[in-house]
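2 protein chains.
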Amino acid sequence: MVPASSRLAINQATVRPQWSLAEAIEGFARQDVRGIAVWRDKLAECGIDRAAAMLEDHGMTVTGLCRGGMFPAADAVGRQAALDDNKRAIEEARAIGAQCLVVVAGGLPESSKDIAAARRMVADGLAEILPFARSAGVPLAIEPLHPMYAADRCCVNTIGEAIDLCDALGPGVGIAVDVYHLWWDPLLEAGIRRAGKERILAFHICDWLVPTTDLLLDRGMMGDGVIDIPRIRGWVEATGYDGFHEVEIFSRENWWRRDPDEVVAVCRERHRTAC
Amino acid sequence: MVPASSRLAINQATVRPQWSLAEAIEGFARQDVRGIAVWRDKLAECGIDRAAAMLEDHGMTVTGLCRGGMFPAADAVGRQAALDDNKRAIEEARAIGAQCLVVVAGGLPESSKDIAAARRMVADGLAEILPFARSAGVPLAIEPLHPMYAADRCCVNTIGEAIDLCDALGPGVGIAVDVYHLWWDPLLEAGIRRAGKERILAFHICDWLVPTTDLLLDRGMMGDGVIDIPRIRGWVEATGYDGFHEVEIFSRENWWRRDPDEVVAVCRERHRTAC
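Protein chains in written order, with the working numbering: chain A, -10 to 264; chain B, -10 to 264.
Simulated from the structure, these hints should not be mistaken for lab results. Hints may contain errors.
[Unchecked claim] Okay, the calculated beta carbon distance ranges per label pair:
| id | chain 1 | residue 1 | chain 2 | residue 2 | range |
| --- | --- | --- | --- | --- | --- |
| 1 | A | Asp113 | B | Ala33 | 53 to 59 Å |
| 2 | A | Gln20 | B | Asn243 | 44 to 50 Å |
| 3 | A | Asp113 | B | Glu12 | 48 to 54 Å |
| 4 | A | Gly67 | B | Asp248 | 38 to 44 Å |
| 5 | A | Ala63 | B | Asp248 | 35 to 41 Å |
| 6 | A | Trp224 | B | Arg183 | 23 to 29 Å |
| 7 | B | Glu251 | A | Asp153 | 43 to 49 Å |
[As the list claims (entries may be wrong)] Straight-line Cα separation of at most 25 Å, SDA-like style, residue types lysine to any residue; simulated pairs:
| id | chain 1 | residue 1 | chain 2 | residue 2 |
| --- | --- | --- | --- | --- |
| 8 | A | Lys102 | B | Ala179 |
| 9 | B | Lys102 | A | Arg(-4) |
| 10 | A | Lys102 | B | Arg220 |
Computed from a prediction, not measured in an experiment: that's the story for all the values here. Backbone N, C-alpha and C define an ideal beta-carbon position, used for all residues, glycine too.
Take the sequences, apply the hints, and build the full model.
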């Protein structure tokens, strides 16, 4: 088990505009944050070999690669392109030793109003890539996203749905529990228990601000909003989960404008005081 | 059963900045829209007796009074004030012959992060006012709101939760099914079936725009978004529901800026073509 004080990870999207992957690795390590979630565009920019070497040199655990998924598409060509892209993502995740590939399902295909059909495409897509992921030894972490993203980003919107998918798919698939997406769900505690340690592949933290001024880019720092993070963390750790607590904040008007060293420092402080 | 062509109602919030209640009654009736949902501030401005007389003169069915609820509060004084206000709302609903009082539960009390406690306050508040509502003959329509409103507006966020409340409370309580709030829920069809005709007290329509630029005031006209309204309407009517289809659109940058007669005309057209 990672010591409690060392269980902080930061998703590099938290300092996306400020830092490249190399800068994030160095910047996180400089403040002794030894977990990082990596984004594919930043990884490509850095180069996989260089990234893998830097991650190892700095003793970083890669808590996840962001991201696979985005399965629904209007036609077979689009769906195949998504499958191919997911396989590339799995290879990248393996190359940098990521603990999982974070899977964001995708929303409605262009011009579609059929969310049930989109959900079937997600289940089918996951089933297609799963053998490849198993061979690569890369667990797939289905991340249910807040229902406000159902149309354009992710049609898997509750922990219950995500676990149903896991049940249907079998080994090699789990979930990412993100407090931002799930805090409101009255069935969250039961869902976490049902998921169990084996299927909780990642635990993401940030906060829900009141008011929230943008659907996508106004996430808050832990402690600045209304989510009872310690309670949810308690539910997660009651399963036996002993992995990282990964800060993932998209914040165009606030944290993305700050000195990234300050952002890391605040993450460290709030991880101690508000989580 | 109201004839299909006459089942359009409009919530006056759809033309809130443009029209007073008197103007809305006249403007809706002018285009033969005979159902209206009324807001309490507009009702107070008009005067209850005058409003009741105008509604009757124009043959309007009041599909709901908006709104009661808002039960959670930081202290007993605040909770009692909410109960008193709900009783006044029930009296107003009776005075204008509203088919129901729409109940929006309320969010987290000031400084609270305990959504479970807020939900208990909602259940307690409903239980407190229910005898009064029953005596008045005013059904309470619990309206589950989209999870993006859980913190600041309504902590009842799924149809399942709303029906659980109905089950616990007994006769005199039902739900309002609003496609905007519920369209994403994979359990929606089952929830509607479980609610049944007796407990579906209102059916609200509008659309979810992609992108949605404001959490509260960017609802779309039916047909302009991604909600499969005919499908959901089919589920609702399969229960035997034969009431109105009430358009409720909060749209600061679009419909609230248009000529209100045009808004009513578009509601009529889209009710025929997109619902």
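Right, here's what the structure says about each hint:
| no. | hint | verdict |
| --- | --- | --- |
| 1 | Asp113(A) - Ala33(B): 53 to 59 Å | 54 Å, holds |
| 2 | Gln20(A) - Asn243(B): 44 to 50 Å | 46 Å, holds |
| 3 | Asp113(A) - Glu12(B): 48 to 54 Å | 52 Å, holds |
| 4 | Gly67(A) - Asp248(B): 38 to 44 Å | 41 Å, holds |
| 5 | Ala63(A) - Asp248(B): 35 to 41 Å | 36 Å, holds |
| 6 | Trp224(A) - Arg183(B): 23 to 29 Å | 27 Å, holds |
| 7 | Glu251(B) - Asp153(A): 43 to 49 Å | 45 Å, holds |
| 8 | Lys102(A) - Ala179(B) | 19 Å, holds |
| 9 | Lys102(B) - Arg(-4)(A) | 24 Å, holds |
| 10 | Lys102(A) - Arg220(B) | 10 Å, holds |
Hint compliance for this structure: no hint is broken.
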